[in-house]
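Peer 1: Sequence:
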Amino acid sequence: MPSEKQLADTKIKKKILECHKKLKGIYGYRRVQVWLKVTYNLHLNHKPIQRLMNELGIKAIIRKKRPYYGKKEAYVISDNHLNRDFQASKPNEKWVTDITYLIFNGKRLYLSVIKDLYNNEIVAYETSRRNDLKLVLDTLKKAKKKRNVKGILLHSDQGSQYTSRHYNQLLTKYQMKVSMSRRGNCWDNACMENFFSHFKAECFHLYSFRKAHEVKFAVRKYIHFYNHQRFQKKLNNLSPYKYRTQVA
1 MPSEKQLADT KIKKKILECH KKLKGIYGYR RVQVWLKVTY NLHLNHKPIQ
51 RLMNELGIKA IIRKKRPYYG KKEAYVISDN HLNRDFQASK PNEKWVTDIT
101 YLIFNGKRLY LSVIKDLYNN EIVAYETSRR NDLKLVLDTL KKAKKKRNVK
151 GILLHSDQGS QYTSRHYNQL LTKYQMKVSM SRRGNCWDNA CMENFFSHFK
201 AECFHLYSFR KAHEVKFAVR KYIHFYNHQR FQKKLNNLSP YKYRTQVA
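Heads up: the sequence shown is residues 1 to 248, going by the UniProt record's numbering.
Keep in mind that a hint or two might mislead.
Stated by the list, open to error - Mimicking EDC-like on lysine to aspartate or glutamate, the simulated pairs with C-alpha atoms at most 16 Å apart in a straight line are: (1) 200 / 214; (2) 150 / 93; (3) 173 / 138; (4) 47 / 9; (5) 15 / 55; (6) 13 / 55; (7) 11 / 55; (8) 37 / 18; (9) 144 / 93; (10) 177 / 93; (11) 177 / 79; (12) 146 / 79; (13) 107 / 214; (14) 14 / 55; (15) 5 / 55; (16) 59 / 18.
In short, the hints are calculated from the structure, not lab data.
Take these sequences, add in the hints, and give me the full structure.
Peer 2: As structure tokens, then:
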């Protein structure tokens, strides 16, 4: 006869497997701990959860570090006003932006994103077959339609799109403040890199995409999940959207 502890462990294992399946293995034992608390009101220490996950042979997907690539010749350079201060006291105070590429079926798609540092919410994004000026301008214009951008500090790296005169003229028109990472220092925009690594580990690398529209659909679906469902410890275990609407 199994003991009471063994029976209890079996019940918890079923719930852990449910979490692992629903979220495609993206949560480690600490996030599973929060998920069990939020979903089933189970208040468990992280140590038995770690033990049970080891017994089940499951663990979170490990994110790979993103390699740094050199920047092109710049035209308009701004100082690093953000200066790695990734905390914001209110929404729409500090934004960060960057571009990553997604390789699928021998093809390449570029993803441009703007993130609010107050709650890590993705404010706007665009995809394109070309890593060009239009991509970043379209992303910025989309953000402008959603929020009052006047006075917001927008931080980027020194990519050629961000140092272009057209991009900086649009920022001036929108009355936004400009900040740029120091040349060759990817850590100055580490919070944006962090989102891309989450997206690739928790979504993009889990599937074999054949068509661009499949990738675009996955991007849209993940960003909605990230904004509305994916709770974060620094946000009191709330999703970015819930944190903004309940706390701000």
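Peer 1: To test your reading of the hints: which numbers does this structure violate?
Peer 2: 12
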